[in-house]
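Chemist: With the sequences and hints as input, model every part of the structure.
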Amino acid sequence: MAQQIQDLVASIRKDGVEAAKKEAASILQSAEEQAQTIIAQAQEKASHIISEAEKDIAQGNQRAEKALAQAGRDLLLSLKAAIEEQFSRILVEKASKALSSKDVIGLVKKALDASEGDVNIEVEPKAFEALADELQTALAAELKGGLVLKPHDDVESGFRLVAKDGSYFYDYKASELAGLLQPYLARPLHERIF
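With the first letter of the sequence shown counted as 1, position 101 gets the number 188 in the working numbering; the numbers rise by one all the way through.
Just so you know, not all the hints are guaranteed correct.
Dumping the calculated DSSO-like pairs for lysine-lysine here, alpha-carbon to alpha-carbon at most 27 Å [stated by the list, open to error]:
1) K196 with K231
2) K167 with K213
3) K251 with K197
Computed spacing ranges between beta-carbons, pair by pair [stated by the list, open to error]:
4) A250 with A158: 49 to 57 Å
5) L199 with L272: 25 to 33 Å
6) A169 with S262: 31 to 39 Å
7) A201 with A158: 32 to 40 Å
8) L164 with Y271: 17 to 25 Å
9) E152 with A201: 54 to 62 Å
10) D220 with L272: 29 to 37 Å
11) S98 with E131: 47 to 55 Å
12) A169 with I136: 46 to 54 Å
Just so you know, the hints here were simulated from the structure itself, not pulled from any lab data. Glycine residues also receive a C-beta, built at the ideal position from the N, C-alpha and C atoms.
Modeler: This is the structure in structure tokens:
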């Protein structure tokens, strides 16, 4: 009987060990399946995160490229405006210098010859003081005929022909002449620079 008990205990032990092995194998297989599912989900999630990050980076690069292109356009426009402003300033300066020299006397004479009707001449006050004698000598005949030559504060450089009745005037001021010349002189400059 002792042998039977031992055989029974051995059989129970063997059955228990086999059942435990089967249970352990089943648990291990279930754990492996769960691990594979978790890994697959994690890989899918990581792939989605990477894909979204790549999209964000591409959009950021596009925005940066657009911003850079806009900054380039803004820089060119600012540069163009600065060059045009400088060009305009130089043109007015040179015209002003030319109109405040003795050359203005010849220009006044030509403008008078081309004018129609009774006109007065308004001259920059500084030029009037500096060139009064030369102007009066050059325009002696016109002055005898009723031409009025006078300084005027609105004329910063150059001169104006004003109809005596006030119906019209022609501006030969540096700023006006520069404004008239600028489109013709700016085009070649623009073509060379831009």
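Chemist: Is it true that L199 and L272 lie within 25 to 33 Å of each other by Cβ?
Modeler: Since L199 and L272 have Cβ atoms about 27 Å apart, the given range 25 to 33 Å holds.
Chemist: In this structure, is the beta-carbon distance linking S98 and E131 contained in 47 to 55 Å?
Modeler: holds (49 Å)
Chemist: Verify the CB-CB distance for A169 and S262 against the hinted window 31 to 39 Å.
Modeler: Check failed, 19 Å falls outside 31 to 39 Å.
Chemist: If I claimed the Cβ atoms of E152 and A201 lie 54 to 62 Å apart, would that claim hold in this structure?
Modeler: Holds, at about 58 Å.
Chemist: Regarding the pair K251 and K197, is the alpha-carbon distance no greater than 27 Å?
Modeler: Holds. K251 to K197 sits at ~18 Å (cutoff 27 Å).
Chemist: Can the suggested window of 49 to 57 Å be confirmed for the beta-carbon pair A250 and A158?
Modeler: holds (52 Å)
Chemist: Please test the hint of 29 to 37 Å on the beta carbon pair from D220 and L272.
Modeler: Holds, at about 34 Å.
Chemist: Against the 27 Å threshold, does the CA-CA distance of K167 and K213 hold or violate the hint?
Modeler: Violated, at about 34 Å.
Chemist: Per the hint of 46 to 54 Å, is the separation of the Cβ atoms of A169 and I136 within bounds?
Modeler: holds (48 Å)
Chemist: Using the C-beta atoms of L164 and Y271, is the stated range 17 to 25 Å upheld?
Modeler: holds (22 Å)
Chemist: So the hint says 32 to 40 Å: do the beta-carbon atoms of A201 and A158 match that?
Modeler: Given range 32 to 40 Å: violated, Cβ gap about 51 Å.
Chemist: Given the hint that K196 pairs with K231, test it: the Cα-Cα distance must not exceed 27 Å.
Modeler: Distance of about 15 Å is within 27 Å: holds.
In terms of the numbered hints stated before, the structure departs from hints 2, 6 and 7, listed from lowest to highest.
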